[in-house]
Structure formats: structure tokens, C-alpha cells
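Visitor: Listed below are the residues making up each chain.
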Amino acid sequence: MTTSYGPVSIWGVIVAIGVVTFLIRVSFVALFGRLDTVPPRVQQALRFVPAAVLSALVAPALVTVEPTVVETLTNDRLVAGGVAAAVAWRTENVFATIGVGMVALWTLRFLV
Amino acid sequence: MSNSDLGEGVRTVAPVLLGVVPFALVAGVAAASAGLSLLEAMGMSVIVFAGASQLAALDLLSQDAPLAVVVVTAAVINLRMMMYSASIAPHFRSVSARWKAVLSYLLTDQAYALSLTRFGEDDEVDRKRFYLGVAATLWVVWQLGTIAGVVLGAGVPDSWGLEFAVPLVFLAVLVPALEDRASIVAGAVAAVVAIVGGGLPLNLGLLVAAAVGIAVGMTFEEVAA
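Line order of the protein sequences matches chains A and B.
Take 1 as the starting number for the first sequence in the numbering used here and just add one per residue.
Take 113 as the starting number for the second sequence in the numbering used here and just add one per residue.
Just chain A, same shape as in the assembly (with noise of 0.2 Å):
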């Protein structure tokens, strides 16, 4: 799908997403010696940032509820995507798993 969004708006995200970026890159290299450490309950919560976010991420991109339970398990997106789960766990290699992501969905959507 491609955005309804004009060039404006599109400037104006990718600005205010550059400024926002940079503030939370510079915080503590800039506060250094005024503030040291990330409050011990803030670093808590920072440490499911990527955990939550790529889950979040993910999950919506791999499964699509459908009527029955069966057609939900074998959507090939989600077959794919198990695929290349393991592919990840095994070798944690972003080059691998998107091949054998991509390939499994492939096969299974043009020769399957």
C-alpha cells in the first residue's frame, strides 16, 4: 500500500523522527557528569524495549486470524515466518533468515 501523505507530511515525520532519535542518542553523552546512570527502574523498563517491540512488531505481520484455528496455523506467512524463526535462533544471521524466509514463503505460495 502507499501513503495518502504528501511530501509535507512526510518531511515533517521524518524530521521530527530525526530530531526525537538524535535527542534520546545524545541524552547521556551530552549529561555526562551531571547524570551518570539511567535510574534503575527506567534502565528495568529499557531492557523489554526491543523484547516487546519486535514481538509487536511481528507477531501482526505473521498471523491473521481466520475462521477456524487450522486455516490461522497453516497461513503461509506464519509457516514462513516459523521457518525462518528457527533459522534465526540457530545461526542468528539476518542474511539467512530473510533467504530461507523468503524461499519458504515462496515455496509455499507458488509451488505448494
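Any given hint could turn out to be false.
Derived Cβ-Cβ restraints for the label pairs, each shown as a range [claimed, not checked]:
| hint | chain 1 | residue 1 | chain 2 | residue 2 | range |
| --- | --- | --- | --- | --- | --- |
| 1 | B | Glu233 | A | Pro39 | 25 to 33 Å |
| 2 | B | Ala260 | A | Thr72 | 29 to 37 Å |
| 3 | B | Val320 | A | Gly82 | 52 to 60 Å |
Covered stretches of chain A (in silico footprint by chain B; criterion: 3 or more residues with CB under 8 Å from a CB of chain B, positions within the stretch not fixed) [what the hints assert, rightly or not]:
| hint | segment |
| --- | --- |
| 4 | 3-17 |
| 5 | 23-35 |
| 6 | 48-59 |
| 7 | 75-86 |
| 8 | 89-97 |
Sample of chain B residues lacking proximity to chain A, with all beta carbon distances greater than 12 Å (derived) [to be verified]:
| hint | residue |
| --- | --- |
| 9 | Glu120 |
| 10 | Ala186 |
| 11 | Ala260 |
No lab work stands behind these hints, which were simulated from the structure alone.
Ideal Cβ placement from N, Cα and C applies to all residues, glycine included.
Given chain A, put chain B in place with the hints provided.
Guide: Then chain B, alone, in the frame of chain A:
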């Protein structure tokens, strides 16, 4: 001496580039299929320079999500870098303010991980030069990969489902992040909430899912400890 530290940074990052190239290609493909021009795609890679947040923002833009939701979602994804900033800050303490800004702009998962490992082994290595060797190389590869992805993405038929590479990239980054039971719980809860919350208004599903996942992960850790 210090020039060799720059070169050492470049050599250290070389094997990691194999994982960055496909990620950058996917970012370019995703930008093209979301309807961004080459200039806008490049602008995003240069100004934001944070892959996971770029992909999430492009996904939300292609669904015409409210712009504020796009920005907040991308910001939440990048919050993890606050930990890197705190952790690497002591190594940059003697660097000028201008260089601190440049080094911070270049901060990524890979630059952080490789530099901190090296700094831990060796007190003598020039912090700024080694880090620059790693981080600037990643920056160049990221920009070139994005351009290649935009050009490539425009030429591949839709039936190939190339957009499926986006969740695969996230999967490749997610799996190593599931390092203990508490993070697995956080991830599983976030996944379920994201699927169930797919119909939430304003495309808020991702933010709600991430918040619930983080809260449950923290609670689990406290109860289990």
C-alpha cells in the same frame, strides 16, 4: 597509532556488514513500496538512521496512520538507544561537544555493541577513532543499501511478496533479544496484544502492545526474583 585505531574499527565491523546490507535493502524496498520518492527514502535514512524505527514508520505511513502515532511509535522503538548512550558516555567524556553530537548521531545497535566490547578489552585504543571506524562504515553501507533497495524494490513484481522481508528482519533482531524468561514473557504478551489489538483506532496497536509487554515483563521479573 590513532589512525590504525580507525582502521581497526573498519576491520572489526566488516563481518557485521553482511547482516546490515539486507536490512538496508529492505528499508529501501519498504520506502519504495510505501510510495516514498528516492529523495524522501534517502532523507529518512540520513536523518533518522535507525532501521527498525524506519521500517515501522514506513509501515504506519502506508496505512495512513496519524502522523503523531508514526512519530511516537518510532521514538519508542529507539528508546533502547538511551541505554547505549548512558553506557558509552564515559568513553566519550574527553571528546569535544561537537564530536559528541556527531558520535551520538552515529549511535546504532552494532556500533554500540562492537565498540563497548573493544573498549572493555583495551584501555589504550582511541575511543573516538575506533568508534568512528565502526559507526561511519555502518552509516555509508546503510545509505548505499537504502538506495539499492529503492531501485530494486521498484523493479520487483508485487506477487513476490517482498514486503515479507520486513517482518523477517525484525524476527532476526528479535530472536537474540529473547535472552531470558522475563524477556520471552514480555515478547509473547506483546505479540498477543498486537494481534488482538490490530483493530485499535489510530493504529495504536503497536504502542499499546509494547507498553503492556514491557509492564508484564517487569512484573514477571519482580515476582520471579
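Visitor: For each hint, tell me whether it holds in the structure or not.
Guide: Going down the list of hints, with the structure as the test:
The beta-carbon spacing between Glu233/B and Pro39/A, approximately 29 Å, falls within the hinted interval of 25 to 33 Å. Evaluation of the 29 to 37 Å hint for Ala260/B and Thr72/A yields a pass: the beta carbon distance comes to about 36 Å. The given range of 52 to 60 Å is broken by Val320/B and Gly82/A, whose C-beta atoms sit roughly 25 Å from each other. Requiring three or more residues with a Cβ within less than 8 Å of a Cβ of chain B, the coverage given for the segment 3-17 of chain A holds, as 13 such residues are present.
For the segment 23-35 of chain A, the proposed coverage by chain B is satisfied: 10 residues have a C-beta within less than 8 Å of a C-beta in that chain, meeting the threshold of three. Counting residues of the segment 48-59 of chain A whose CB lies closer than 8 Å to any CB of chain B gives 12, which reaches the minimum of 3, so the coverage claim holds. Figure legend: the segment 75-86 of chain A, annotated as covered by chain B; annotation consistent (5 residues with Cβ-Cβ distances under 8 Å, at least 3 required). Residues of the segment 89-97 of chain A with a Cβ under 8 Å from some Cβ of chain B number 6, which satisfies the need for three, so the listed coverage holds.
For Glu120/B, the non-interface assignment is confirmed: its Cβ lies about 22 Å from the closest Cβ of chain A, beyond the 12 Å cut-off. Not every Cβ of chain A is farther than 12 Å from the Cβ of Ala186/B; the closest lies at roughly 4 Å, contradicting the non-interface assignment. Its beta-carbon lying about 15 Å from the closest one in chain A, Ala260/B satisfies the requirement of being farther than 12 Å from that chain.
Checked against the numbered hints above, the structure violates hints 3 and 10; every other hint is satisfied.
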